[in-house]
Each structure stands twice: as structure tokens, then as C-alpha cells.
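2 protein chains.
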Amino acid sequence: MASRTLDELIDMLARLPGLGPRSAKRAALHLLKNRDTVLRRLAITLAKAAEDVCQCSVCGNLDDVDPCHICADPKRDSAQICVVEAVDDLWAVERSGLFRGHYHVLGGTLSAIDGIGPEQLGIDNLISRVEAGVLEVILAMSATVDGQTTGHYLADRLGTTNATVTRLAHGVPVGGELNYLDDGTLGAALKARRPVDRSATDL
Amino acid sequence: MASRTLDELIDMLARLPGLGPRSAKRAALHLLKNRDTVLRRLAITLAKAAEDVCQCSVCGNLDDVDPCHICADPKRDSAQICVVEAVDDLWAVERSGLFRGHYHVLGGTLSAIDGIGPEQLGIDNLISRVEAGVLEVILAMSATVDGQTTGHYLADRLGTTNATVTRLAHGVPVGGELNYLDDGTLGAALKARRPVDRSATDL
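For the record, the sequence lines run as chains A and B. As numbered in this note's numbering, residues 1 to 203 make up the first sequence, in order. As numbered in this note's numbering, residues 1 to 203 make up the second sequence, in order.
Simulated from the structure, these hints should not be mistaken for lab results. As the structure is a computational prediction, the values presented were derived from the model and not from experiment. Take the hints with a grain of salt, since some may be wrong.
Within a straight-line C-alpha distance of at most 30 angstroms, the following computed DSS-like cross-link-like pairs (lysine-lysine) qualify [unchecked claim]: (1) Lys48/A x Lys33/A; (2) Lys191/B x Lys48/A; (3) Lys48/A x Lys33/B; (4) Lys33/B x Lys33/A; (5) Lys48/B x Lys33/B; (6) Lys33/A x Lys191/B.
Make the full structure from the sequences, and use the hints.
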């Protein structure tokens, strides 16, 4: 419809998650309007990312260095491993600022249909790391069927090690209103109810 | 939060219209997961677009060649010029398949606040093109205040030429339901009502 280069650009942009064909066109025109400040810089950044960003051979995190800055940080507790499905889950846990241990990024969930078994998720590698002296493994899986199935499998496999296996608490999200909550969450929150500590600030 | 390269990539992606910080993260991970098929190819396409795509010196369209393939096409009618605000408006008119003339892409609308005057929109260039023998100028502006103001100014300026100046019809959009239409559109459609041609297939 437009020039071949422009068509190709729109086609490539439309493959990004979150951009449809229409917004890809808008993005392409925006890029061409800001050729030096956005278009050229984005091209360079993408090429750099393709070369520099690598997967940490220890935990599966993405970083410029291998091992990643979390695995290499001597101030972090190597006796705790938090298992997450994906790198953005790792980022979410990091944002909470409450975890100072190491990670294991599965890179997906077990799925017979998609042919994703324990090998694809590096679970043997996780078991060897845990056997080398980890005290606690926190399963921070999504509360989806796939996430929970993978969590159960991991808990099973980790049963042979000496580590304590924990999982994230289910319950009312902070800021969540009860009448908008789904029944499953409310049920989980009720079952896991805790005695009120009158001295604590959180209810 | 993550690696510096990755942070930079997310930051650059978040500047694209249509991608927020959250979807930029998702896009970055998607790119890194598909390094050869998407990431590297997108980097190359962007660099190529930065070099190859240029603005047509005649009409302002974006293309790999100057003059653009529309201005250079001998089968198109150079006696008709369709004035549009932006390149994506040109694409929209092209998609309709009903216009076989040439274009003038303003690259914006008149705006005293943003300092966009007739010079920025290449209006002198348009006038000279029209004076060189154009029979009809179609003002295909958006039905917004800015678009219509610019249209009025252009109609005024083009009054000194011999060309007929027309504008797009306002009315009920094809497929539009009356009870969802705004009053302005319905009013315009009523004022511009047309006798029913019993032999024609469109009502």
C-alpha cells in the first residue's frame, strides 16, 4: 500500500504483542517523524539487545552478564530460591522489595500439549542447586491451572531434598474490594484466615 | 531493575504510541524470546526505514523513492489533487480505491498554539501545483475543529485559482445506526439529504 520498506516496517511492528495492524501504522509514522530521536535509537537499542542480553546460566534471568547481577550479588541469600514462571514475574517479585534470595526462572509451565516437560523448564538444574544447600524454595507461580499444576509437580520433586518448600499465600489482594472478588479467591482467603494481631499495623 | 540494555530497550519501546510501560516490557521479552525471527529483523527493518523512507518532494507522501510512486504513476490523473492532513489519511483514501488523482499531504493542521502556519503545511507549494493546471482540489480533512478550520483557510486561498474546490460529504457512516449517531452528524446528513434514485442500488 505504501512503500515496500514502510510496509515491511508496519508488518514487523504489528507482530509485537500489544500492537495491532492499526497501531503499528501509527507507530511507524511516529518513528519516521522522529527519525533521529526515536527511530535510529530504537534500531541501535534493538541490535544491542540482540547481541548483549543473555540468559543467566544459573537461574535463567535475562541480563547483560552471565551469571546475572542477582546470582552474582554476594549480599543476596543463596539459601533461598524463588521459583517463577517468567522473567517478568521475577521483576514483579523484585519490585516488592521483600525478597533477597536467588531465583529460578522456569521459562514457562508444564504443558503436555505444547510439549513442555521438566527438561524444558530446567528442573533438574533446580534440584541440583537445591541439593547443594538451599534451605527454602518459594514457589511463586501464577494462580492459574497451569501455574498450580507446575507448582504441585515441583513440590513433589523437591520432596526428596532437605529444603522447606513454600508457596505464595492466596487471599484478598491489597486494595481489593470484597464484592468484586471472585468466589475462588474469597474462599481461599477464608480458609487461610489468620488471627488478628492487635499490635501489628496491617489487618 | 533488569539489565541496562534491557531497561533501555523497554524505555525506548514505551515511547511508541500504543505501548505503555507494561506492554513495552511484554514486547521486550517477546523480542528476546524470538531473537532471530523478530528482534534482529526488526532492528534491520528500522535501520533500513531510517535510511530509505523519504518524503516525496511533490506531495509529502512517504516512500522509498522521490517523487513517490503515486506522483510518478502516469496512469493517475494529475488534474485532481486530494488534500489530506497526514500520510495515514492518504492510506485511508487509497484503501477506498475510488480516487485516482494525486495528493497533497499537509503534515498537520493550522494551529496558532503549536506555531503551525501555512509555511509548515507547504500551502504555497500546493497553490503553485494547482495553478499549473489542476481542475479539482478535494479537501479530505478530518471533521474536527482543526481539520475544518484548515479546510476553510485552504478553500479561501484556493479561491484565486481556477480549480473547483470540493470537500468530503458529511453524513451517516455506512453501517452506522441512527440512534448511536451524534446530533452533529445526523444534522449534517439531514441538511445534505439527496433525492432517492430508484434505479441505483445504494439508498
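| Among all the numbered hints in the text so far, which are the ones the structure does not match? | 2, 6
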